[in-house]
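Student: Working from the sequences, and respecting the hints, build out all of it.
Protein chains in written order, with my numbering: chain C, 1 to 241; chain S, 1 to 327.
By construction, these hints were calculated from the structure, which means they are not laboratory data. In this text the structure is predicted, and so the values were computed from the model without any measurement. Idealized CB from N, CA, C, for every residue including glycine. Be aware that one or more of the hints could be misleading.
[As the list claims (entries may be wrong)] In silico BS3-like cross-links for lysine-lysine, where the CA-CA straight-line distance does not exceed 27 Å:
#1 S:Lys-221 with C:Lys-194
#2 C:Lys-204 with S:Lys-240
#3 C:Lys-128 with S:Lys-258
#4 S:Lys-154 with C:Lys-92
#5 C:Lys-43 with S:Lys-240
#6 C:Lys-105 with S:Lys-154
#7 C:Lys-128 with S:Lys-69
#8 S:Lys-240 with S:Lys-221
#9 S:Lys-258 with C:Lys-43
#10 S:Lys-258 with S:Lys-240
#11 S:Lys-258 with S:Lys-221
#12 C:Lys-194 with S:Lys-223
#13 S:Lys-154 with S:Lys-223
#14 S:Lys-223 with S:Lys-264
#15 S:Lys-69 with C:Lys-105
#16 C:Lys-92 with S:Lys-69
#17 S:Lys-223 with S:Lys-267
[What the hints assert, rightly or not] Just a few of them, taken from the derived set where beta-carbon distance is under 7 Å, the chain S residues facing chain C:
#18 Arg-79
#19 Ser-90
#20 Ile-237
#21 Glu-238
#22 Phe-249
#23 Tyr-323
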Amino acid sequence: MTQLALVIDLNVCVGCHACVTSCKQWNTSGPAGPMFDDNPFSKDPTGTFFNRVQTYEVGEFPTTETVHFPKSCLHCEDAPCVPVCPTGASHKRAEDGIVLVDYDKCIGCKYCSWACPYGARELDEYQKVMKKCTLCVDRIYDEVLPESERKPACVLACPTSARLFGDVHNPDSEVSVAIREQGGYQLMPEWGTKPANHYLPRRKTRKTIHEDELVRSDNPLKKEDIRHETSKEVTLDDWLM
Amino acid sequence: MHPAFSVIFLTTFIGVGQGLFLALFTLQSYSALELLPVQDSREFFAAGSFLALLFLVAGLGASVFHLGKPSFVITRAWRAASQWRTSWLSREIVFIPAVIALVFLYGLLHYLGWEANLFDVDIAGQLTLVIGTVTTLFVFALFVSTAMIYAAIKFLQEWASPLTVLNYTLLGIASGFTLATAFAAWEAPILVNFFGGWAILFTLAALGTRTASLIRNARIKHKSTLQTAIGVRHSHIEQKAMGMMGGSFNTREYFHGKTAAFLKSVKWIFLVLVFAIPLVLLAIGIGTDSLGLLAGAFVSQYLGLLFERWYFFAQANHPQNLYYQTI
Ligand code: SF4
Ligand code: SF4
Numbered sequence: 001m002t003q004l005a006l007v008i009d010l011n012v013c014v015g016c017h018a019c020v021t022s023c024k025q026w027n028t029s030g031p032a033g034p035m036f037d038d039n040p041f042s043k044d045p046t047g048t049f050f051n052r053v054q055t056y057e058v059g060e061f062p063t064t065e066t067v068h069f070p071k072s073c074l075h076c077e078d079a080p081c082v083p084v085c086p087t088g089a090s091h092k093r094a095e096d097g098i099v100l101v102d103y104d105k106c107i108g109c110k111y112c113s114w115a116c117p118y119g120a121r122e123l124d125e126y127q128k129v130m131k132k133c134t135l136c137v138d139r140i141y142d143e144v145l146p147e148s149e150r151k152p153a154c155v156l157a158c159p160t161s162a163r164l165f166g167d168v169h170n171p172d173s174e175v176s177v178a179i180r181e182q183g184g185y186q187l188m189p190e191w192g193t194k195p196a197n198h199y200l201p202r203r204k205t206r207k208t209i210h211e212d213e214l215v216r217s218d219n220p221l222k223k224e225d226i227r228h229e230t231s232k233e234v235t236l237d238d239w240l241m
Numbered sequence: 001m002h003p004a005f006s007v008i009f010l011t012t013f014i015g016v017g018q019g020l021f022l023a024l025f026t027l028q029s030y031s032a033l034e035l036l037p038v039q040d041s042r043e044f045f046a047a048g049s050f051l052a053l054l055f056l057v058a059g060l061g062a063s064v065f066h067l068g069k070p071s072f073v074i075t076r077a078w079r080a081a082s083q084w085r086t087s088w089l090s091r092e093i094v095f096i097p098a099v100i101a102l103v104f105l106y107g108l109l110h111y112l113g114w115e116a117n118l119f120d121v122d123i124a125g126q127l128t129l130v131i132g133t134v135t136t137l138f139v140f141a142l143f144v145s146t147a148m149i150y151a152a153i154k155f156l157q158e159w160a161s162p163l164t165v166l167n168y169t170l171l172g173i174a175s176g177f178t179l180a181t182a183f184a185a186w187e188a189p190i191l192v193n194f195f196g197g198w199a200i201l202f203t204l205a206a207l208g209t210r211t212a213s214l215i216r217n218a219r220i221k222h223k224s225t226l227q228t229a230i231g232v233r234h235s236h237i238e239q240k241a242m243g244m245m246g247g248s249f250n251t252r253e254y255f256h257g258k259t260a261a262f263l264k265s266v267k268w269i270f271l272v273l274v275f276a277i278p279l280v281l282l283a284i285g286i287g288t289d290s291l292g293l294l295a296g297a298f299v300s301q302y303l304g305l306l307f308e309r310w311y312f313f314a315q316a317n318h319p320q321n322l323y324y325q326t327i
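Tutor: Okay, structure coming up:
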């Protein structure tokens with residue numbers, strides 16, 4: 001079975017919001033109609049977005065770290081938002097695991113949004129139906145596009161390649177390897193929703209170097225160091241060479 | 001959560017309607033067993049059923065305003081009955097019209113005075129007793145469905161408890177019996193003691209379960225934290241930006257936007273209006289058969305239930321709020 005998903009690398013995300021704007025651009029021009037924008041250029045601009053980038057500060061000054069955190073629907077494998085929908089508008093596709101809302105069936109009762117612990121769903125204030133990330137379902141299968149562009153808009157837009165896209169059920173896919181080898185994790189695992197999207201943690205590359213590796217008591221270089229008095233002592237290298 | 005008035009009116013109205021039907025049917029069962037004097041079918045039961053219907057239909061009307069657009073009632077709402085296998089909301093949508101139809105049938109049979117000796121025994125009103133029994137089952141199914149809409153969302157921990165089901169059921173029954181007491185004071189004063197006694201009992205029972213849930217929720221420990229929400233293990237994490245400045249559905253739908261003091265006063269208001277005042281008025285009203293006092297008891301209890309429902313929604317903390325702490 002296929003389960004398409006995003007893997008988001010928090011180690012490289014710089015919080016530029018390119019995924020947010022490209023998502024909005026692609027989806028507001030899509031067949032489902034525009035995603036509303038209220039007061040876009042005046043006080044309190046608000047509107048429907050499928051994807052947001054948030055920023056968190058971890059730790060206390062001076063040992064702080066800034067984490068930029070993109071958040072969209074996680075296409076949960078055990079999606080709590082699907083069984084609660086009274087109309088069947090909210091559904092999970094069997095063929096690729098994408099969780100979608102049928103905008104022609106939705107009655108805008110908002111129950112599914114209550115049942116999503118992540119706040120990934122937003123009611124469109126004009127169409128009055130529930131909207132959420134579609135993983136660009138109208139793009140990833142579009143054979144008119146060149147193969148390399150059959151990816152969600154956010155993935156293509158990310159300048160740091162912090163967003164990977166693929167099938168998390170195929171153990172050899174790019175996303176599965178990244179999750180396996182780089183410590184991919186799920187959000188709020190306590191609710192058993194099994195999000196398909198994963199996040200890669202912040203990671204540091206560290207090498208442990210012991211002091212005696214830096215300062216060798218019998219360092220041969222020291223023997224010939226003309227700035228110091230030349231030692232007459234025998235070094236290990238004298239024996240070896 | 002942000003309390004929605006459509007749902008507040010929906011749940012309180014149908015609660016009264018269901019409770020009033022149960023009160024009428026309890027009376028009829030007692031009469032059938034010759035424990036109470038038989039009431040006039042038309043004057044009492046048909047009129048009472050009509051009153052219950054008014055509340056049920058008003059509730060259904062309020063629910064229309066919970067849809068995205070009222071026009072969805074005609075174009076799409078029929079679909080909402082389709083997912084009854086998995087969705088408690090869908091089940092509620094199936095049971096509301098079913099209960100309305102059954103209460104209508106129950107009232108109609110009483111009005112027409114139709115009789116049939118179904119079981120070959122010497123008991124009057126067998127037909128309405130059978131319909132009433134079926135209706136009772138549906139009424140309880142509706143109570144459970146309504147409450148389970150909330151109790152079934154496990155991460156809304158304030159709601160995810162059997163107490164939610166008990167509260168919805170007992171509060172609905174209590175308000176229905178209180179209305180029945182006032183109705184009896186008007187139509188058949190001899191029954192005031194019967195209905196009033198039950199109303200007091202159910203109000204006390206509801207006081208018990210509602211207080212239990214208040215105590216439970218006051219000491220609730222939320223499972224989700226900012227640590228599990230973003231998956232970073234550190235005791236000190238602070239949100240610096242939520243990704244937008246003018247708010248969104250996420251900031252409007254899940255926050256009640258009122259102060260803690262406001263919430264606390266709503267709690268005391270509903271405790272007084274739903275329990276204290278009606279209990280006193282019922283106790284005095286039963287002794288004096290005073291329609292005014294008993295009607296006052298119902299009005300106070302119903303108004304209180306509006307506050308109670310508001311508080312029920314406002315008190316629930318959605319885990320998504322963790323992601324929306326600062327602009
Ligand atoms: S993230 Fe929310 S909306 Fe998306 S599948 Fe999971 S529960 Fe449903
Ligand atoms: S808002 Fe739409 S998709 Fe969500 S539960 Fe209601 S009908 Fe289903």
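Student: Compare the structure with the hints numbered earlier in the document and write down the numbers of the violated ones, lowest to highest.
Tutor: none
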